[in-house]
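Engineer: So that you can map any letter, position 220 of the sequence shown is 224 in this note's numbering, and since no number is skipped, the others follow by simple counting.
These are calculated hints, taken from the structure and not from any lab test.
Be aware that one or more of the hints could be misleading.
[Stated by the list, open to error] Restraint-style ranges between C-beta atoms, simulated for each label pair:
(1) E78 / A137: 39 to 49 Å
(2) E169 / M5: 24 to 34 Å
(3) T53 / A140: 44 to 54 Å
(4) T216 / V172: 13 to 23 Å
(5) P183 / I69: 34 to 44 Å
(6) G123 / G65: 13 to 23 Å
Bear in mind the structure is a predicted one, so any value in this text is a computation, not a measurement.
By construction, the Cβ of each residue, glycine as well, lies at the ideal position given by its N, Cα and C atoms.
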Amino acid sequence: MDIQPLGPALGATVAGVDLTQPLSADRREALHAALLAHQVLFFENQPVTPEQQRALAAQFGLLHIHPVYRNIPEVPEIIVLDTDDDNPPDNDNWHTDITFTEAPAQAALLSARLLPPSGGDTLWASNTAAFEALSAPWRRLLEGLHAEHDFIKSFPAWRFARTPEERVQWEAAKAKHPPLLHPVIRTHPETGRQGLFVNEGFTTRIVELSTTESDAVLRQLPAPPPRDAPRHGAGRAPFLPGILR
(Lines of atoms letter the chains of each structure in order from A and count residues from 1; the text may use other names and numbers.)
(Lines give C-alpha, C1' and ligand atoms only; values in the text may rest on other atoms or scores of the structure.)
Protein backbone atom coordinates (compact mmCIF):
# COMPACT_ATOMS: atom_id res chain seq x y z
CA MET A 1 0.00 0.00 0.00
CA ASP A 2 1.01 3.57 -0.65
CA ILE A 3 -0.27 6.11 1.90
CA GLN A 4 0.22 9.78 1.12
CA PRO A 5 -0.73 12.44 3.71
CA LEU A 6 -2.84 15.33 2.43
CA GLY A 7 -2.13 17.85 5.15
CA PRO A 8 -0.67 18.35 8.62
CA ALA A 9 -3.96 17.98 10.52
CA LEU A 10 -5.72 15.09 8.81
CA GLY A 11 -6.33 13.19 5.60
CA ALA A 12 -4.40 10.73 3.45
CA THR A 13 -4.87 8.97 0.12
CA VAL A 14 -4.39 5.22 -0.01
CA ALA A 15 -3.44 3.32 -3.16
CA GLY A 16 -2.40 -0.25 -3.83
CA VAL A 17 -5.30 -1.98 -2.11
CA ASP A 18 -8.43 -3.57 -3.60
CA LEU A 19 -11.37 -2.97 -1.28
CA THR A 20 -13.63 -5.30 -3.26
CA GLN A 21 -11.62 -8.20 -1.83
CA PRO A 22 -11.33 -9.32 1.81
CA LEU A 23 -8.41 -7.71 3.62
CA SER A 24 -5.59 -9.76 5.07
CA ALA A 25 -4.93 -9.32 8.78
CA ASP A 26 -1.79 -7.29 7.98
CA ARG A 27 -3.66 -5.03 5.54
CA ARG A 28 -6.47 -4.51 8.02
CA GLU A 29 -4.05 -3.52 10.78
CA ALA A 30 -2.15 -1.21 8.45
CA LEU A 31 -5.36 0.59 7.42
CA HIS A 32 -6.46 0.83 11.05
CA ALA A 33 -3.12 2.38 11.99
CA ALA A 34 -3.40 4.81 9.05
CA LEU A 35 -6.89 5.82 10.12
CA LEU A 36 -5.66 6.54 13.65
CA ALA A 37 -2.79 8.59 12.28
CA HIS A 38 -4.64 10.52 9.56
CA GLN A 39 -8.28 10.39 10.78
CA VAL A 40 -9.77 10.22 7.25
CA LEU A 41 -8.62 8.04 4.34
CA PHE A 42 -9.46 8.43 0.65
CA PHE A 43 -9.52 5.53 -1.82
CA GLU A 44 -10.06 6.14 -5.55
CA ASN A 45 -11.72 3.84 -8.08
CA GLN A 46 -13.14 1.29 -5.65
CA PRO A 47 -16.40 -0.01 -7.23
CA VAL A 48 -17.63 -1.88 -4.18
CA THR A 49 -21.09 -3.39 -4.00
CA PRO A 50 -23.23 -2.79 -0.88
CA GLU A 51 -22.47 -6.34 0.24
CA GLN A 52 -18.73 -5.77 -0.18
CA GLN A 53 -18.99 -2.45 1.64
CA ARG A 54 -20.71 -4.13 4.59
CA ALA A 55 -18.13 -6.93 4.67
CA LEU A 56 -15.29 -4.39 4.62
CA ALA A 57 -16.79 -2.32 7.43
CA ALA A 58 -17.41 -5.44 9.53
CA GLN A 59 -13.65 -6.10 9.58
CA PHE A 60 -13.20 -2.97 11.70
CA GLY A 61 -16.05 -3.25 14.23
CA LEU A 62 -19.75 -3.72 14.91
CA LEU A 63 -22.08 -2.12 12.37
CA HIS A 64 -24.82 0.42 13.02
CA ILE A 65 -28.30 0.40 11.44
CA HIS A 66 -29.60 3.94 11.20
CA PRO A 67 -33.03 4.43 12.81
CA VAL A 68 -34.57 6.70 10.12
CA TYR A 69 -32.41 7.04 7.00
CA ARG A 70 -33.42 5.02 3.96
CA ASN A 71 -31.30 1.91 3.61
CA ILE A 72 -30.80 -0.93 1.16
CA PRO A 73 -33.35 -3.59 2.21
CA GLU A 74 -31.02 -6.49 1.46
CA VAL A 75 -28.15 -4.77 3.29
CA PRO A 76 -29.80 -2.70 6.05
CA GLU A 77 -26.47 -1.55 7.48
CA ILE A 78 -25.93 0.51 4.31
CA ILE A 79 -27.84 3.79 4.19
CA VAL A 80 -28.50 5.79 1.02
CA LEU A 81 -27.78 9.53 1.06
CA ASP A 82 -29.47 10.72 -2.12
CA THR A 83 -30.20 14.42 -2.59
CA ASP A 84 -31.84 16.44 -5.37
CA ASP A 85 -33.88 19.62 -5.79
CA ASP A 86 -36.88 18.01 -4.07
CA ASN A 87 -34.76 16.38 -1.37
CA PRO A 88 -32.09 18.88 -0.29
CA PRO A 89 -29.30 17.67 1.99
CA ASP A 90 -30.01 17.56 5.71
CA ASN A 91 -26.43 16.78 6.73
CA ASP A 92 -24.64 19.77 5.19
CA ASN A 93 -23.43 21.08 8.52
CA TRP A 94 -20.52 20.32 10.83
CA HIS A 95 -21.33 17.06 12.55
CA THR A 96 -19.99 13.81 13.89
CA ASP A 97 -22.23 10.89 12.95
CA ILE A 98 -24.78 9.50 15.43
CA THR A 99 -23.54 11.28 18.55
CA PHE A 100 -27.13 10.92 19.78
CA THR A 101 -26.15 7.35 20.77
CA GLU A 102 -24.43 6.22 23.96
CA ALA A 103 -21.50 4.79 21.99
CA PRO A 104 -21.08 6.74 18.71
CA ALA A 105 -19.44 5.01 15.78
CA GLN A 106 -15.66 4.94 15.61
CA ALA A 107 -15.77 5.68 11.87
CA ALA A 108 -17.98 6.12 8.82
CA LEU A 109 -17.47 4.22 5.57
CA LEU A 110 -18.71 6.15 2.53
CA SER A 111 -18.82 5.13 -1.12
CA ALA A 112 -19.41 7.93 -3.64
CA ARG A 113 -21.60 6.79 -6.52
CA LEU A 114 -22.86 9.89 -8.33
CA LEU A 115 -20.93 13.14 -8.15
CA PRO A 116 -21.44 16.49 -9.87
CA PRO A 117 -18.79 17.67 -12.35
CA SER A 118 -17.81 20.39 -9.88
CA GLY A 119 -18.73 21.41 -6.33
CA GLY A 120 -20.71 19.26 -3.94
CA ASP A 121 -17.60 18.60 -1.88
CA THR A 122 -17.72 16.98 1.53
CA LEU A 123 -15.13 18.37 3.94
CA TRP A 124 -13.63 16.90 7.08
CA ALA A 125 -12.29 18.73 10.12
CA SER A 126 -10.10 17.40 12.92
CA ASN A 127 -11.57 17.95 16.36
CA THR A 128 -8.27 16.88 17.91
CA ALA A 129 -6.45 19.60 15.96
CA ALA A 130 -9.19 22.07 16.93
CA PHE A 131 -8.72 21.20 20.61
CA GLU A 132 -4.93 21.35 20.43
CA ALA A 133 -5.16 24.82 18.86
CA LEU A 134 -7.12 26.18 21.84
CA SER A 135 -5.38 28.39 24.36
CA ALA A 136 -4.80 27.11 27.91
CA PRO A 137 -7.66 29.25 29.36
CA TRP A 138 -10.11 27.82 26.81
CA ARG A 139 -9.03 24.26 27.66
CA ARG A 140 -9.50 24.91 31.38
CA LEU A 141 -12.97 26.32 30.70
CA LEU A 142 -14.05 23.20 28.81
CA GLU A 143 -12.60 20.62 31.21
CA GLY A 144 -15.33 18.69 33.02
CA LEU A 145 -18.17 20.15 30.96
CA HIS A 146 -20.85 17.99 29.32
CA ALA A 147 -22.94 18.64 26.23
CA GLU A 148 -26.41 17.36 25.42
CA HIS A 149 -26.80 15.57 22.08
CA ASP A 150 -30.33 15.24 20.70
CA PHE A 151 -31.54 12.98 17.88
CA ILE A 152 -34.39 15.37 17.04
CA LYS A 153 -32.07 18.29 16.22
CA SER A 154 -30.97 16.66 12.96
CA PHE A 155 -34.03 14.47 12.45
CA PRO A 156 -37.12 16.65 13.08
CA ALA A 157 -40.62 15.25 12.61
CA TRP A 158 -41.52 17.74 9.87
CA ARG A 159 -38.95 16.10 7.60
CA PHE A 160 -38.71 12.50 8.77
CA ALA A 161 -42.30 11.78 9.85
CA ARG A 162 -44.31 13.02 6.87
CA THR A 163 -46.28 9.82 6.25
CA PRO A 164 -47.99 7.43 8.70
CA GLU A 165 -45.29 4.84 8.05
CA GLU A 166 -42.51 7.37 8.62
CA ARG A 167 -44.25 8.61 11.78
CA VAL A 168 -44.22 5.11 13.29
CA GLN A 169 -40.51 4.70 12.49
CA TRP A 170 -39.65 8.20 13.74
CA GLU A 171 -41.56 7.79 17.02
CA ALA A 172 -39.75 4.50 17.68
CA ALA A 173 -36.37 6.14 16.99
CA LYS A 174 -37.22 9.11 19.21
CA ALA A 175 -38.23 6.80 22.09
CA LYS A 176 -35.07 4.72 21.71
CA HIS A 177 -32.77 7.77 21.54
CA PRO A 178 -33.66 10.37 24.19
CA PRO A 179 -31.23 13.27 24.66
CA LEU A 180 -28.00 12.22 26.37
CA LEU A 181 -24.75 13.74 27.61
CA HIS A 182 -21.20 13.39 26.30
CA PRO A 183 -18.09 15.14 27.66
CA VAL A 184 -17.17 18.27 25.72
CA ILE A 185 -13.60 16.96 25.64
CA ARG A 186 -13.08 13.27 24.94
CA THR A 187 -9.87 11.21 24.96
CA HIS A 188 -9.36 8.72 22.13
CA PRO A 189 -9.05 5.24 23.68
CA GLU A 190 -6.23 4.17 21.35
CA THR A 191 -4.19 7.28 20.56
CA GLY A 192 -4.72 9.07 23.87
CA ARG A 193 -5.25 12.37 22.02
CA GLN A 194 -7.92 14.69 23.34
CA GLY A 195 -10.48 16.27 21.07
CA LEU A 196 -13.60 18.41 21.11
CA PHE A 197 -16.83 16.43 21.06
CA VAL A 198 -19.54 18.90 20.15
CA ASN A 199 -21.12 19.40 16.75
CA GLU A 200 -23.72 21.50 15.01
CA GLY A 201 -25.73 18.47 13.94
CA PHE A 202 -26.71 17.10 17.35
CA THR A 203 -25.35 19.23 20.20
CA THR A 204 -28.02 21.42 21.80
CA ARG A 205 -26.39 22.87 24.93
CA ILE A 206 -23.64 22.60 27.52
CA VAL A 207 -25.53 21.64 30.64
CA GLU A 208 -23.24 23.23 33.24
CA LEU A 209 -23.62 26.68 31.62
CA SER A 210 -26.52 29.07 31.29
CA THR A 211 -28.29 29.19 27.92
CA THR A 212 -26.53 32.42 26.98
CA GLU A 213 -23.11 31.11 28.01
CA SER A 214 -23.68 27.77 26.31
CA ASP A 215 -24.72 29.38 23.04
CA ALA A 216 -21.69 31.66 23.12
CA VAL A 217 -19.27 28.77 23.70
CA LEU A 218 -20.83 26.47 21.11
CA ARG A 219 -20.63 29.18 18.48
CA GLN A 220 -16.85 29.00 18.85
CA LEU A 221 -16.47 25.20 18.77
CA PRO A 222 -15.23 23.72 16.57
CA ALA A 223 -13.65 26.21 14.23
CA PRO A 224 -14.23 25.66 10.49
CA PRO A 225 -11.31 24.05 8.63
CA PRO A 226 -9.15 26.00 6.20
CA ARG A 227 -10.07 26.26 2.53
CA ASP A 228 -7.66 23.45 1.62
CA ALA A 229 -9.20 21.01 4.11
CA PRO A 230 -9.46 17.39 2.91
CA ARG A 231 -12.64 16.95 0.91
CA HIS A 232 -14.16 14.82 -1.81
CA GLY A 233 -15.57 15.98 -5.07
CA ALA A 234 -15.60 14.87 -8.68
CA GLY A 235 -11.83 14.43 -8.65
CA ARG A 236 -11.44 12.52 -5.39
CA ALA A 237 -14.10 10.08 -4.26
CA PRO A 238 -13.74 8.81 -0.70
CA PHE A 239 -14.23 5.36 0.57
CA LEU A 240 -14.51 6.02 4.08
CA PRO A 241 -21.59 2.45 6.52
CA GLY A 242 -23.38 4.62 3.72
CA ILE A 243 -23.68 5.18 0.02
CA LEU A 244 -23.30 8.80 -1.07
CA ARG A 245 -25.28 9.77 -4.15
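Engineer: Confirm or reject each hint.
Structural biologist: Tested hints:
For E78 and A137, the hinted distance range of 39 to 49 Å is satisfied, since their beta carbons lie about 44 Å from each other. Checked against the hint of 24 to 34 Å, the C-beta distance between E169 and M5 comes to roughly 45 Å, which is inconsistent with it. One distance hint, 44 to 54 Å for the beta-carbon pair T53 and A140, holds here, with the actual separation near 50 Å. The supplied range of 13 to 23 Å is broken by T216 and V172, whose beta-carbon atoms lie about 38 Å from each other.
At roughly 21 Å, the beta-carbon separation of P183 and I69 lies outside the given 34 to 44 Å, and the hint is violated. At about 32 Å, the CB distance of G123 to G65 disagrees with the hint of 13 to 23 Å.
Checked against the numbered hints listed earlier, the structure breaks hints 2, 4, 5, 6; every other hint is satisfied.
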